[in-house]
Amino acid sequence: MHELSLALEVIGLAQREAGKNGVSAIQEILIEVGDLSGVEADSFQWGLEMLVKGTILEDAVVNIIRTPGKGKCIGCNIEFEMKTRLDVCPECQCFPSGITGGKEFRVVSMLAE
Amino acid sequence: MCDTCGCGNPDEFKIHDHNHDHDHDHSHSHDHQHDHDHGHHHDHNPEHGHEPTHTHEHLPKKVISLNMDILSENNRLAERNRGWFEGKHVLCLNMVSSPGSGKTSILEKTIHSLISTWKIFVIEGDQQTTRDADRIEKSGAPAIQINTGSGCHLDAKMISLSLKKLEISDHSILFIENVGNLVCPAMFDLGEQKRVVVISVTEGDDKPLKYPYMFQTSNLCIINKTDLLPYVDFSVETAVKYARQLNPNLEFIQMSSKTGEGMAEWYDWLGKQF
Ligand SMILES: Nc1nc2c(ncn2[C@@H]2O[C@H](COP(=O)(O)OP(=O)(O)OP(=O)(O)O)[C@@H](O)[C@H]2O)c(=O)[nH]1
Ligand SMILES: [Mg+2]
Ligand SMILES: [Zn+2]
Ligand SMILES: [Zn+2]
Chain A
1 MHELSLALEV
11 IGLAQREAGK
21 NGVSAIQEIL
31 IEVGDLSGVE
41 ADSFQWGLEM
51 LVKGTILEDA
61 VVNIIRTPGK
71 GKCIGCNIEF
81 EMKTRLDVCP
91 ECQCFPSGIT
101 GGKEFRVVSM
111 LAE
Chain B
1 MCDTCGCGNP
11 DEFKIHDHNH
21 DHDHDHSHSH
31 DHQHDHDHGH
41 HHDHNPEHGH
51 EPTHTHEHLP
61 KKVISLNMDI
71 LSENNRLAER
81 NRGWFEGKHV
91 LCLNMVSSPG
101 SGKTSILEKT
111 IHSLISTWKI
121 FVIEGDQQTT
131 RDADRIEKSG
141 APAIQINTGS
151 GCHLDAKMIS
161 LSLKKLEISD
171 HSILFIENVG
181 NLVCPAMFDL
191 GEQKRVVVIS
201 VTEGDDKPLK
211 YPYMFQTSNL
221 CIINKTDLLP
231 YVDFSVETAV
241 KYARQLNPNL
251 EFIQMSSKTG
261 EGMAEWYDWL
271 GKQF
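These protein sequences, in sequence, are chains A and B. Counting in our numbering, the first sequence runs without a single skipped number right up to 113 at its last residue. Counting in our numbering, the second sequence runs without a single skipped number right up to 274 at its last residue.
Hints in this document: simulated from the structure, not taken from any laboratory. A virtual CB, placed ideally from N, CA and C, is assigned to each residue, including glycine. Do not take every clue at face value.
[Stated by the list, open to error] Cross-link-like lysine-lysine pairs, in silico, DSSO-like; alpha carbons within 27 Å at most: (1) K210/B x K53/A; (2) K88/B x K14/B; (3) K272/B x K72/A; (4) K103/A x K258/B; (5) K164/B x K88/B; (6) K194/B x K62/B; (7) K53/A x K165/B; (8) K70/A x K194/B; (9) K109/B x K138/B; (10) K241/B x K14/B; (11) K83/A x K53/A; (12) K72/A x K157/B; (13) K53/A x K61/B; (14) K210/B x K14/B; (15) K20/A x K258/B.
[Claimed, not checked] A short list of chain A residues far from chain B (calculated; beta carbon distances all over 12 Å): (16) R16; (17) E32; (18) I78; (19) E104; (20) A112.
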């Protein structure tokens, strides 16, 4: 449950970027969390909402989009969907040579007044 | 703050340098969150028609497009650290594990054997106490202790601050012993060249399945405390199989820092990293 320290990183990022853009309040923040990012989206959102008090994100609506996990098969080279990091290729049961999607953990955009 | 692993404010940490002079570096984060209530009176001057006096009040909503990795600030500092290591020909290794797998014991033994051939420096991360740094100094290498307080991992900023204090010579090895925790340290790049995950045979051979991210981001896996294999239900083969499923490039060394098994292989591995 390291989602709280990640929530603090988001607050820091929002504060820095808002400063650069000369805004003092954020109304909405859009965050992308990949299914294989190692971040549990629900506890992250809960943690963020708990920690925003007194910060630039205090009144912000937190929107999270999830990106499905994908891997490239080491055997037959197809790309297949992965629900967990242990999923195997549905065609040949091989493990992926690498994760090709779902590792995202980023702030897409913020909406300010 | 975090009930399972103790994640807290990442700015709450102390660095103890090897002189034990108690000049703690406290990092302060100031949240510049002022309430700018300038009292915007809507005094529309009839002579100026409806021209707004405070134009910014009527601006449309502003979309700030970012597409920024949430760990980008940490990653930026980590890249700086990495560049610094490369420039000085320092081999930096980030040692991660669950609490008590034997990281400090492995380092003590390593320093003992290699200190006459290599210059070795150590950064120790623990939530509290300078015990591990004290152990390292006794074995003969300069060490600095970072106490993360309620934080459960080291980050790149803590390392760059420590580098300034620990006068690291060129052509040396820097070991960073991360906070005992298999979750958070996986996500925080410190700028190391290689990441070493240590598991001990008392932990269960399914550890890689439970903490996939850590095994996926490591280069070497040390399976420690092999002297205890006769007494526990731990299959090295199973642990290796699970970890390789997650990371086909992961290397393994079986070790006992107690009997010395595998230490020579570990020193060879270190030599090859230069
Ligand atoms: N039997 C056996 N015990 C070991 C071995 N290596 C370490 N230990 C013991 O395991 C315990 C923990 O060792 P440490 O070296 O302090 O482990 P650590 O990973 O640094 O622990 P933290 O810093 O608290 O996370 C100590 O009691 C060591 O003596 C080993 O190879 N065999
Ligand atoms: Mg230790
Ligand atoms: Zn944590
Ligand atoms: Zn396949």
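Which earlier hints turn out false for this structure, listed by number in ascending order?
-> 1, 3, 4, 6, 7, 10, 11, 12, 14, 15, 16, 17, 19, 20
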